[in-house]
Structure formats: C-alpha cells, structure tokens
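**Student:** Here is how the chains run, residue by residue.
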Amino acid sequence: MAISKDTLKAMIRDFHGFELSDSEMDLIAPELDAYLSELEKLRELDLSKVMSSRLIKADEGGQADG
Amino acid sequence: MANQDLLKLTISEIAPMIRTGEVSPVKLTEAALAKADRLQPTLNSFITILRDQAMDQAREQEVAIARGEYLGPLQGIPIGIKDNIATGGIRTTVGTKVLSDNVPEEDAEVVRRCKEAGAIILGKENLEEFAAGATSNNPHYGPVHNPWALEHIPGGSSGGGGANVATGVTFASLGTDLGGSVRLPGTFCGVVGLKQTYGRVSQRGLLVTSFNGDHIGPMTRSVSDSALVLQALAGYDPLDPSTVPVPVPDYSAALERNLQGMKMGIPSNYFFEMVDSEVESAVRLAIEALQELGVETREVSLPSMEYSGALRFASMSDSVVTHEPYIQANREDYGPDTLYRTLAGQFVLGRDYSKALKVQRIIQEEHARVLQEVDFLVTPTAPVPAPRIDAKYITLDGAEHRVRGPGSGIISRFTSPENATGLPAITVPCGFSKMGLPIGVQFIGRAFDESTLFRVAQGYEAVSPSRGRWPAVANQE
Chain D
1 MAISKDTLKA MIRDFHGFEL SDSEMDLIAP ELDAYLSELE KLRELDLSKV
51 MSSRLIKADE GGQADG
Chain H
1001 MANQDLLKLT ISEIAPMIRT GEVSPVKLTE AALAKADRLQ PTLNSFITIL
1051 RDQAMDQARE QEVAIARGEY LGPLQGIPIG IKDNIATGGI RTTVGTKVLS
1101 DNVPEEDAEV VRRCKEAGAI ILGKENLEEF AAGATSNNPH YGPVHNPWAL
1151 EHIPGGSSGG GGANVATGVT FASLGTDLGG SVRLPGTFCG VVGLKQTYGR
1201 VSQRGLLVTS FNGDHIGPMT RSVSDSALVL QALAGYDPLD PSTVPVPVPD
1251 YSAALERNLQ GMKMGIPSNY FFEMVDSEVE SAVRLAIEAL QELGVETREV
1301 SLPSMEYSGA LRFASMSDSV VTHEPYIQAN REDYGPDTLY RTLAGQFVLG
1351 RDYSKALKVQ RIIQEEHARV LQEVDFLVTP TAPVPAPRID AKYITLDGAE
1401 HRVRGPGSGI ISRFTSPENA TGLPAITVPC GFSKMGLPIG VQFIGRAFDE
1451 STLFRVAQGY EAVSPSRGRW PAVANQE
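As given, the protein sequences belong to chains D and H, one line each in that order.
Sequential numbering from 1 applies to the first sequence in my numbering.
Sequential numbering from 1001 applies to the second sequence in my numbering.
Please note: incorrect hints may appear among the correct ones.
Said to hold, decoys possible - Think about it this way: if two alpha-carbon atoms lie no more than 25 Å apart in a straight line, the pair counts; the simulated SDA-like pairs of lysine to any residue are: (1) K1263(H) to A1253(H); (2) K49(D) to N1212(H); (3) K41(D) to D1397(H).
Stated by the list, open to error - Computed beta-carbon distance windows for the label pairs: (4) R13(D) to S1281(H): 49 to 57 Å; (5) L1349(H) to K49(D): 15 to 23 Å; (6) R13(D) to P1336(H): 20 to 28 Å.
I should point out that these hints are in silico values taken from the structure, not numbers from a laboratory.
Just so you know, even glycine gets a beta-carbon here, dropped at the ideal spot from N, CA and C.
Use the sequences and the hints to build the structure in full.
**Tutor:** Here it is as structure tokens:
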C-alpha cells in the first residue's frame, strides 16, 4: 500500500503533528515501509473475535496468590 | 587475594567474605573505581562515575557490618545503574543532550531498594540515546565498546552495564528492557541478563519510556547473582500500578536442583529463522547439553509469531507520544537515528494501533498455551553476534537489514516479543563465534515463575562452554 509523501505530510500538518521536509520524509521512509509491510501481512488475519486484554494473572505461573 | 581477583568473583562468592570482614567494602569500592577509571577511555561505559558518593556509601556499609548490621548479599557490592533510571540529586541524562542537566529529586524505586540492601552505586552507565535502540552508539556521549572486540557494539540499549559486568568493573548493573535492552547486552557481552515478568519490579523512576512493556532488570556474571539481585528488586510498589501484588519467593532456594524430567519447548517456527549459522549451532549445542542433563525436548509451534512485526505499531505510537514534549522544544538536539525513527510514529493510525494490541493478545495466548505443555522455551537471544560499531547493515539469509535508526529491529527480533507477552526471559552465555564474540541462549518461562528460569539457567550455566572466560581487556592494568 503506497501513500504519497504529500498526503502523509498533509495528514500530519492537519492533525498538529511535526512538520517534515521532503528530505526528512526520506529519512523516516524505512520505518514507514516496515510499518506498511507488516500491515499488509495482517490483511488475512481475522482480529474481530480476539478477547479483551487484561493484566497478567499470577496463577498463570508457579506462585498463585490464593 | 589481589584486587583484580576480588573483582572477578561473583556476588555469591564475595558476599560471605564481606559479611565476615575478610573483604572490606571500602577497599573493594576503591578497586572497582580504579578499574572504572582505567577502562573508561577504552569502553566508554559510564556517563557519570560517582567516586565521592560511592566511597561514602562504602564507608557507611563497612561501619554497619562492623556493628553487626548485616543487610544481605548486596551489602558492600559495587553496582552500576543505567542512566535512564532516576538517581536523586545525581544527573540522569537518559543518554540525550536534551536532558544533559536533568537532576531528579528522588531515587527510582529500584535504586532505593538497592541502597536499602547496602549496594554501592559506582556510577551512571552509558546507553543508547533515550534507550531507543540496540547498539549503544550514543551520538552525544560516545559509543560504548564491546569488551570482547572493541570495534563491535556491546548491544543496547544498556550497553554500558553489559560492558562493566563483563570486565569486572561492577558486580551487577541495572538495565532497562523494552525490546531486549538487558538481554542483548547480556548476549553480546557474554553475561547473564534477566527480564523478569512484567509487573514483578517497579518501573517508577524509569525516565522517558513507553507505558507498554518496559522492565528494569539485572545484568550479572552468574545466574545465582541474577537471583540475588532480583530478590532485592522484586515486589509490589503501591505507587506503580503496573506492579502486581504477588508473593516474592526465595529465588536462591530454586537453585542447584537437577533438571531431570523438566520439559523444554523448541519453537519450530520464527525463533530459528533468520539466524546466523554460528549462533544457531551454539544454541543447538546448548539444547543438546540440556538434554544430557535430563531435560525432555518437545517441538512447539507459535504460528502467530508470523505477525509479531505488528507489535511495533504500538511502540511507534507510544514513542512519539513519549517524546512529544522533548522534540517540540529540542528537536535539533536529537540524534538522527532516534529523531526520525520516533517521528515516523505519528503516521500510525489508531485502527492499526488497535490491531497491534490484538496481535499482542493472540501472541500472549499462544505462549500461555505452549507453556502449559512445557516448562520453558529455548531460543537464540539475538540472531547474530555483535555487529561492528560502524555497521549500518547486517546480512541475514541473503538480505540486508538495518542495524539502527528507522527501519531497524532485526537485532531484537527474538527478544522484543517477550516484552509484549510480559513473560520472564533470561539470556545465558553459550559459546563464542569464530571471531571470539559471545553468543547467548534465551530461556522463556511462565509468568511470575522466574524460579524455574533460574533453575534451568543455572543448570545450563554449569556446563556452558563460556564458563570461566574473560575478555582480555578485563586484565588491563
């Protein structure tokens, strides 16, 4: 999935983010590429039925607290 | 015993000598400070050495012991503290120019506990800028050097601590681990690094970090020392809601029991993919050694690890929020690796953040299921031995991967998932590459069951090919 630099810059500017020059956009590109690539992997994964998260409970391990 | 030899003992070995008065905390601290001064130009492992304070603490502890006020095995022991952990009245830079004059008013809870146990704080240790990376190539305070090969990284972000423990400057160092930052210096410097269960140790006083998955943990020269330090650190902190009010067992009691009949899980996917052949061989030999000690082997599958890369969405967003106030006022004082990696976080959508949390939950469930079938998991700690300080890329499976800055993450590939599960994980040295660089094996256990990890890690440590080895620089006069 490709998003143009201008779109990304405009999104951030409109949402009170940090302004970035074209050359700075090039510097962050590898991080964004990794993000988009991982996002692509998730496309086939059904996340709709995942249970709510919670704190780890002690009785998952060896020392339950009563 | 000569000072150099005293500094090469473990806490377990020297603590009884301090208790009986055979070893003086003052003389031990003087020796450790002298060694710190001697090696600082070579390793650059400290940002601040606390000479006067350390000597004052040592004198206090020596007097207390003479009065019969013995506090336990950390009393009179020189340790180091990573410079992103608050020390009251002492500069705490977090490895950044932005906080170069930052002096916290209070000690972090872990520092308070170490002082209460009588430990001597030798100094504040060098780290990656803002603890945000795996190299400890700090753009403001200089790179930390790996004691086994000075042109290589010590791992990060707690690299100063790893280098100090490996050379006998400190007996233990406290690091912080948000993606492997205790375990990676552990493996690259050839020492033991522990990330205990999330919630076991207070994070109060850990500066400029994510609110999701950071841990303060010890680096030590032995597994039994790791157990001793965790004993001092562990416990509920009512002022840190991330800690969990569960009993803290006697960790040392779990040690020196045989491993017969225990079950280890060897992941059939992810954890042995994209790994250097020398690392894989050393870890496979460690598995064979455990089998010879009577541990049963089961292959286990963690299929959702395929999606573990999504966990970075949450950390990207967390990072930009954490840094927001600092970047707004001091953008020009950031190093480029941290700045541009952080700024990328502002592009993560809320929807994708939510997906990352769901992936985190799936991976947690999968680990919990597998750890019902086995007592612990075995993996490499890092996919490669320590890269060179000047390396921008490493090559694995024919592909180039960034070592630091935007798009990096390969080095923490096997450690960062356990920050998301919150499960305890420990690295133990398991040999060396042909170049003489240390390799580590990682054991992952059940939540709040560090005792089992210590038992396994110590059982393996006793037969590890790394035992008794020191880097040459540790003997530098």
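**Student:** Decide, hint by hint, whether the structure agrees.
**Tutor:** Right, here's what the structure says about each hint:
1. K1263(H) to A1253(H): Distance of about 20 Å is within 25 Å: holds.
2. K49(D) to N1212(H): With Cα atoms ~22 Å apart, K49(D) and N1212(H) stay inside 25 Å; holds.
3. K41(D) to D1397(H): holds, 20 Å
4. R13(D) to S1281(H): 49 to 57 Å: Given range 49 to 57 Å: holds, Cβ gap about 51 Å.
5. L1349(H) to K49(D): 15 to 23 Å: holds, 21 Å
6. R13(D) to P1336(H): 20 to 28 Å: holds, 21 Å
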